[in-house]
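J.: Generate the whole structure from the sequences, applying the supplied hints.
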Amino acid sequence: MKSIVKYSGIARQSLLNAIQYPANIISRLLMYSLFISVFFCLWGAIYQGGEVHGYSLVQMIWYLCFTELIVFCCRTTVYTQMNDDVKSGAIAYLLVRPCHYIIFQFFQSLGELCVNLVAFGSYAIVLALTYVGVLEGFSFYNMPYILISFILGITLNFFMLISLGLTAFIWEENTGFYFVYQKLIFMLGMFIPLEFLPVWLQSIARMLPFSYVAWAPARLAVAYSSEFRDQVLPLQFLWVFASVWLAVFCYSRAVLHIQGQGG
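The sequence shown begins at 16 in our numbering and counts up by one.
Be careful, since some hints might not be right.
Taking lysine-lysine pairs in the DSBU-like style, the calculated list, with each CA pair at most 35 Å apart, reads [claimed, not checked]:
hint: 1; residue 1: Lys102; residue 2: Lys17
hint: 2; residue 1: Lys198; residue 2: Lys102
hint: 3; residue 1: Lys102; residue 2: Lys21
Cβ-Cβ distance ranges computed for the label pairs, FRET-style [claimed, not checked]:
hint: 4; residue 1: Val141; residue 2: Ala38; range: 15 to 23 Å
hint: 5; residue 1: Thr190; residue 2: Val141; range: 33 to 41 Å
hint: 6; residue 1: Val133; residue 2: Glu210; range: 26 to 34 Å
hint: 7; residue 1: Val133; residue 2: Trp215; range: 38 to 46 Å
hint: 8; residue 1: Val111; residue 2: Asn157; range: 41 to 49 Å
For the record, the hints were derived by calculation from the structure and aren't laboratory data.
For each residue, glycine too, the CB sits at the ideal point set by N, CA and C.
T.: Dropping the structure here:
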């Protein structure tokens, strides 16, 4: 019970901090609008000939709104914060706190993630409706599964970033890992659906966790089917479990490389 109260207090403080600075949210909303506007013009030109790989223009714009929501709007600064903590030495103060470092980082980001999901999620729906109208075939009965898939995608991305941030304990300059991860997320589902890739690359992408961050939830939202739901949700749960295990493993190895200096 004490742990629940302690970590819920951390999440509540994170939530309050997030809503205290509405200018940050507004500026990101404007940037989000710019991205979607550019993509709308780009895909509008591409879709002059009709459907592309089974996606209509309406589905594609909704797809982009959702993938940008997950990767851009609901991102967290945990990777940058962890790097700064390690390089500045502030990590020493965090590790002696009466809470697990990874759990602390999760609840520290939880409030901000919830605010982003609500604010940007609502705005993404308004923006998509403005550009292309209602998504054909959408049913509110499918919303619970779609929401679960979105939460799993955001959680998977979070713990992957945690694992990348923990590499700062071993390699002080670990920006390259983050750069590669970003590009894999970008190319394997964020910018274009996997169906647009060559068949051989699709097979590889479906076996990797990166496509289950953005592609799986967005694909489920714009072209829902029970078969696809039963296929991707278990895989998302599996990859989230694997990412949590990886983060815990990396943490257990990383703390062995800490060196205390000073007097």
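J.: Hint by hint, say whether it matches the structure.
T.: Now the hints, each set against the structure:
1. Lys102 / Lys17: holds, 32 Å
2. Lys198 / Lys102: holds, 25 Å
3. Lys102 / Lys21: Distance of about 27 Å is within 35 Å: holds.
4. Val141 / Ala38: 15 to 23 Å: This hint holds: roughly 20 Å between Cβ atoms.
5. Thr190 / Val141: 33 to 41 Å: holds, 35 Å
6. Val133 / Glu210: 26 to 34 Å: holds, 30 Å
7. Val133 / Trp215: 38 to 46 Å: Since the Cβ atoms of Val133 and Trp215 sit about 39 Å apart, the hinted range of 38 to 46 Å holds.
8. Val111 / Asn157: 41 to 49 Å: holds, 47 Å
When the structure is compared with the earlier hints, no violation turns up for any of them.
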